[in-house]
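*Asks:* Assemble the whole structure, with the sequences as input and the hints as a guide.
This note's numbering puts the sequence shown at residues 1 to 264.
Keep in mind that the hints were calculated from the coordinates and are not lab data. If you're wondering where the values come from, they're calculated on a predicted model, not measured in any experiment. All clues stand as given, with none of them false.
Label pairs and their calculated CB-CB ranges:
hint : residue 1 : residue 2 : range
1    : R199      : A25       : 36 to 46 Å
2    : Y168      : R70       : 39 to 49 Å
3    : P89       : R158      : 29 to 39 Å
4    : G195      : R60       : 31 to 41 Å
5    : I208      : N139      : 12 to 22 Å
6    : A149      : A59       : 42 to 52 Å
7    : G223      : S91       : 17 to 27 Å
8    : E118      : R60       : 32 to 42 Å
9    : L203      : A246      : 31 to 41 Å
10   : A246      : R199      : 34 to 44 Å
11   : V142      : A73       : 17 to 27 Å
12   : P232      : R158      : 23 to 33 Å
Note that the Cβ used here is the ideal one computed from N, Cα and C, for glycine as well.
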Amino acid sequence: MSFTVLIPARLGSSRLPDKPLADIAGLPMVVHVARRALASGAAVVVVAADDTRTVEACARHGVRALLTRRDHATGSDRLAEACDLLALPDSEIVVNVQGDEPLIDPALIDACARLLAERPECVMGTAAHAIDTVAEFENPNVVKVVCDALGRALSFSRAPMPWWRDGYAAGLRQATALSDPPPLRHIGLYAYRAGFLRRYPTLAPSPIETIESLEQLRVLWHGERIAVHVSPLRPGPGVDTPDDLARVRALLHDTGQEPPRESG
1 MSFTVLIPAR LGSSRLPDKP LADIAGLPMV VHVARRALAS GAAVVVVAAD DTRTVEACAR
61 HGVRALLTRR DHATGSDRLA EACDLLALPD SEIVVNVQGD EPLIDPALID ACARLLAERP
121 ECVMGTAAHA IDTVAEFENP NVVKVVCDAL GRALSFSRAP MPWWRDGYAA GLRQATALSD
181 PPPLRHIGLY AYRAGFLRRY PTLAPSPIET IESLEQLRVL WHGERIAVHV SPLRPGPGVD
241 TPDDLARVRA LLHDTGQEPP RESG
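*Replies:* Structure (structure tokens):
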């Protein structure tokens, strides 16, 4: 299986300006992400940047990067442009690794790409893991996914989903009290075929996508299917805020710790 990793990197984060260039253990964050991706089975890893500073930072550390437009509404739109700039064939599997995931497990990238390769009826693949606390289940910043019998996404939501009627009727509030099987937290890792990535920007935004602020809902709204890999492990923390950045700096610099890795 051959696949390409594209890493969208946008400097204009409202909560953490210049986020891709944030220093972690002496390297820009986006370089950490790219090096993780290079440890996967990807044939090519490219950062799709919206600013020359990111391109130059990547070049200084031997990471391939290209400059894309600044006005893209979503990361998927940016990757669609990158597919064209790289002249990728429509059949090429492209894995979107977020530029704020410096602890991403390379084996999880491989699993997401392999899943899409094995599911020709799906236009996308993504990942999830089991939620193990009520606080996480009820947190609107934690995106939940429910799947059908074949492991394809039925829906994504920031709301607690599926709603455990009997548990809440009994006064669910204990940290370990969750439904069985447990609800699933969506991991923001996506695999696409390049042809669908090119088509994605032509799909009209859906009302539910706008309400939830989850662009993957556009795919389901238009009747397409998304395969979901359920990881046995929780991924390492991403970086959205200064507190997140401090946490990851401590993991990679002060202690040298890394998250557990998936097998195979």
